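Q: Protein sequence lines, in the order shown, are assigned to chains A and B. Here my numbering is used: the first residue of the first sequence is 1, the next is one more, and so on. Here my numbering is used: the first residue of the second sequence is 1, the next is one more, and so on.
By construction, these hints were calculated from the structure, which means they are not laboratory data. What you are looking at is a predicted structure, and each value in this text was computed from that prediction instead of being measured. Any given hint could turn out to be false.
Listed below are the simulated DMTMM-like cross-link pairs for lysine to aspartate or glutamate, each with C-alpha atoms no more than 25 Å apart in a straight line [said to hold, decoys possible]:
id, chain 1, residue 1, chain 2, residue 2
1, B, K305, B, E356
2, B, K38, B, E203
3, A, K121, B, E136
4, B, K189, B, D359
5, A, K108, B, D255
6, A, K108, A, E135
7, B, K180, B, E386
8, A, K115, B, E233
9, B, K189, B, E356
10, B, K189, B, D36
11, A, K108, B, E226
12, B, K38, B, D311
13, A, K121, A, E58
14, A, K121, A, E43
15, B, K38, B, E16
16, B, K189, B, E226
17, A, K121, B, D122
18, A, K115, B, E136
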Amino acid sequence: MSIARFWRETPRRYNLGGSKCTMCGTVYFPPRAVCPTCAHHRESIGKMEPFQLSGDGEVFSYTTVHEPAEGFEMQVPYVLALVRTVEGPVLTGQVVDLAPEDVRIGLKVRATFRKLREEGKAGVIHYGYKFAPAEDLPNRPPGRPRGAVGAPAGSESDRAAA
Amino acid sequence: MRDVAVLGVGMTKFGELWDRSFREIGIEAGLQALVDAKLSSGDLGALYLGNMASGSLIDQEHIGPLILDYAGLGARHLPAVRVEGGGASGSLALHQGYLAVASGLYDFVVVGGAEKLTDVPDATGNQITSSAADHEWEVVFGGTLPALWAMIARRHMHQYGTTREQLARVAVHAHEMGSKNPNAHYRNKVTLEQVIGAGPVAEPLGVFDCAPLSDGAAAVVLGPMELAHKYSERPVRIAASAVACDTMAVQHRRDVTTLDSTVLAARRAFEQAKRAPADVQVAEINDAYTISALLALEDLGFSEKGHAGPDFEAGRFARGGEVAVNMSGGLKAQGRPFGAVGVAQVVELVRQLRGEAKDRQVANPTLALAHDVGGTGATSVVTLLERAS
Ligand SMILES: [Zn+2]
Numbered sequence: 001m002s003i004a005r006f007w008r009e010t011p012r013r014y015n016l017g018g019s020k021c022t023m024c025g026t027v028y029f030p031p032r033a034v035c036p037t038c039a040h041h042r043e044s045i046g047k048m049e050p051f052q053l054s055g056d057g058e059v060f061s062y063t064t065v066h067e068p069a070e071g072f073e074m075q076v077p078y079v080l081a082l083v084r085t086v087e088g089p090v091l092t093g094q095v096v097d098l099a100p101e102d103v104r105i106g107l108k109v110r111a112t113f114r115k116l117r118e119e120g121k122a123g124v125i126h127y128g129y130k131f132a133p134a135e136d137l138p139n140r141p142p143g144r145p146r147g148a149v150g151a152p153a154g155s156e157s158d159r160a161a162a
Numbered sequence: 001m002r003d004v005a006v007l008g009v010g011m012t013k014f015g016e017l018w019d020r021s022f023r024e025i026g027i028e029a030g031l032q033a034l035v036d037a038k039l040s041s042g043d044l045g046a047l048y049l050g051n052m053a054s055g056s057l058i059d060q061e062h063i064g065p066l067i068l069d070y071a072g073l074g075a076r077h078l079p080a081v082r083v084e085g086g087g088a089s090g091s092l093a094l095h096q097g098y099l100a101v102a103s104g105l106y107d108f109v110v111v112g113g114a115e116k117l118t119d120v121p122d123a124t125g126n127q128i129t130s131s132a133a134d135h136e137w138e139v140v141f142g143g144t145l146p147a148l149w150a151m152i153a154r155r156h157m158h159q160y161g162t163t164r165e166q167l168a169r170v171a172v173h174a175h176e177m178g179s180k181n182p183n184a185h186y187r188n189k190v191t192l193e194q195v196i197g198a199g200p201v202a203e204p205l206g207v208f209d210c211a212p213l214s215d216g217a218a219a220v221v222l223g224p225m226e227l228a229h230k231y232s233e234r235p236v237r238i239a240a241s242a243v244a245c246d247t248m249a250v251q252h253r254r255d256v257t258t259l260d261s262t263v264l265a266a267r268r269a270f271e272q273a274k275r276a277p278a279d280v281q282v283a284e285i286n287d288a289y290t291i292s293a294l295l296a297l298e299d300l301g302f303s304e305k306g307h308a309g310p311d312f313e314a315g316r317f318a319r320g321g322e323v324a325v326n327m328s329g330g331l332k333a334q335g336r337p338f339g340a341v342g343v344a345q346v347v348e349l350v351r352q353l354r355g356e357a358k359d360r361q362v363a364n365p366t367l368a369l370a371h372d373v374g375g376t377g378a379t380s381v382v383t384l385l386e387r388a389s
């Protein structure tokens, strides 16, 4: 992937910047130029506002991947999940800082900023969000994970964005 | 709009065809279909070619005229159009050919599908497979096509109690039918224990839950129904051809355990044909992953939501069951050369409706359904085929 192709999505992949439809209030990630669900589809053009996700959510479904995507060869096996955020949007991302056998549907997680993948030995390193447990697990101490991204739900920056 | 018939069918063997090139297999299938249709190439109006990834797989785009040229039709200057829709490319090409004949623009067209997957290493083939998912928001974060389907499977198990054994039965059935199909990539039978015990790809899916990377090509000749008896002793009418799309990424779906694209394509097809799922005797459905088949059976209307696993276990979709599903062996055993898959489904069903399916023949079918999926369900195509009286 070219540097520009990854770089242009940095605000979303680093900071969980989504969008909110001011016509119906639905939140989207990644941001949308037009509201897919709104009855006012056409009228929502130009009415989508930036919206900051908190990074809090829970595991909606998951898998442990043994045949990796390109650039993830060194991380096998890794846990991939659909995470339903507290604001509504579902995100696809790895769940880290836990043993694969500890992941389950309903597990509370929080977004954390990590290295995603490397393009070969001399290639570009891509960074972005992954998720870490936000509740007690047998094999890992609780607490806010290192490198947490996004604002806590209902914080100043959240309201400012909305 | 006028009625459209399938007048001829052809396909190559599917599998690892090391000694054969993309153009060779494409032409073999097309010429077989022309001969089967008793049609002179001078009658043809256009070629539609389904293909997903020739640029990544064999460094060749612009393959419409390539196949036309090597089929000996270059000097006729026919229009040749490539159609792409991930794994559903072949059925999408069929839809375009159907529209062209139904509209009256052309009388006779060839619809082909071809893919050459084994000219790249397996790891590259798997990456190209995943390019039918959303690269920016799934693949960049570690997603692969089997991993995304695995998350659909896990959620289906959680919500409906679908079991690992029920998933595995789909693969056992596919291999059982593949053993009766001389064109199939895999002709070996497998046991439930072998499927469950195979190495993991993306849990709960293992190696035997995933269709292989195959080479292969298939083709059909379409023409107007009113002229069909002149070119075929047993023409098959296309009773409906319907396409529906959905969000690119699984994360944006209304319901992760339902392919709305399949639900809508099926609804449109049954409405067009004025028929219902209960009227179908034989079907070729997408079983790229074992979970894909269970979702398809529910979303096409053959099973209630959440019941496909137990229904499959009960034998409702076996040969001799209520709907005989994937008599070809499906994508799992017949093979998965992306662009050829949807066209090969129609080849199998036409042979079933004509009574030419030999060891795989279903007793006297009159209505057949083909179901093709791109990626994780961003595109679905449903085709209904009917034996013409
Ligand atoms: Zn809206």
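Q: For every hint, state whether the structure bears it out.
A: For each hint, the structure was consulted:
1. Pair hint K305 of chain B plus E356 of chain B does not hold up; C-alpha atoms about 34 Å apart against a cutoff of 25 Å.
2. A C-alpha spacing of about 49 Å is found between K38 of chain B and E203 of chain B, which places the hinted pair above 25 Å, so the restraint is violated.
3. Of the supplied pair hints, the one linking K121 of chain A and E136 of chain B holds, its CA atoms being roughly 22 Å apart against a limit of 25 Å.
4. Note on K189 of chain B and D359 of chain B: the hinted pairing holds, with a Cα-Cα distance of about 15 Å set against a maximum of 25 Å.
5. Among the hinted pairs, K108 of chain A with D255 of chain B is consistent with the structure: their alpha-carbon atoms are about 21 Å apart, no more than 25 Å.
6. Our distance criterion of 25 Å between C-alpha atoms is met by K108 of chain A and E135 of chain A, whose separation comes to about 6 Å.
7. Between K180 of chain B and E386 of chain B the alpha-carbon distance is near 24 Å, which keeps this suggested pair within the 25 Å criterion.
8. A distance of roughly 63 Å separates the Cα atoms of K115 of chain A and E233 of chain B; the hinted pair therefore is violated under the 25 Å criterion.
9. A threshold of 25 Å between alpha carbons decides the hint, and for K189 of chain B with E356 of chain B the separation of about 23 Å falls inside it, so the pair holds.
10. Under the criterion of a C-alpha separation no larger than 25 Å, the hint pairing K189 of chain B with D36 of chain B is inconsistent with the structure, at around 31 Å.
11. Proposed proximity of K108 of chain A and E226 of chain B is contradicted: the alpha carbons are some 63 Å apart, above 25 Å.
12. Under the criterion of a C-alpha separation no larger than 25 Å, the hint pairing K38 of chain B with D311 of chain B is inconsistent with the structure, at around 42 Å.
13. With a C-alpha separation of about 34 Å, the suggested pairing of K121 of chain A with E58 of chain A is violated against the 25 Å cut-off.
14. At most 25 Å may separate the alpha-carbon atoms for a hinted pair to count; K121 of chain A and E43 of chain A exceed this at roughly 48 Å.
15. A hinted pair counts as satisfied when its Cα atoms are at most 25 Å apart, and K38 of chain B with E16 of chain B does not qualify at roughly 30 Å.
16. Between K189 of chain B and E226 of chain B the alpha-carbon distance is near 43 Å, which puts this suggested pair outside the 25 Å criterion.
17. This hinted pair checks out: K121 of chain A and D122 of chain B have alpha carbons roughly 21 Å apart, not beyond 25 Å.
18. For the given pair, K115 of chain A sits about 16 Å from E136 of chain B by alpha-carbon distance, which is consistent with the 25 Å threshold.
In terms of the numbered hints stated before, the structure departs from hints 1, 2, 8, 10, 11, 12, 13, 14, 15 and 16, listed from lowest to highest.
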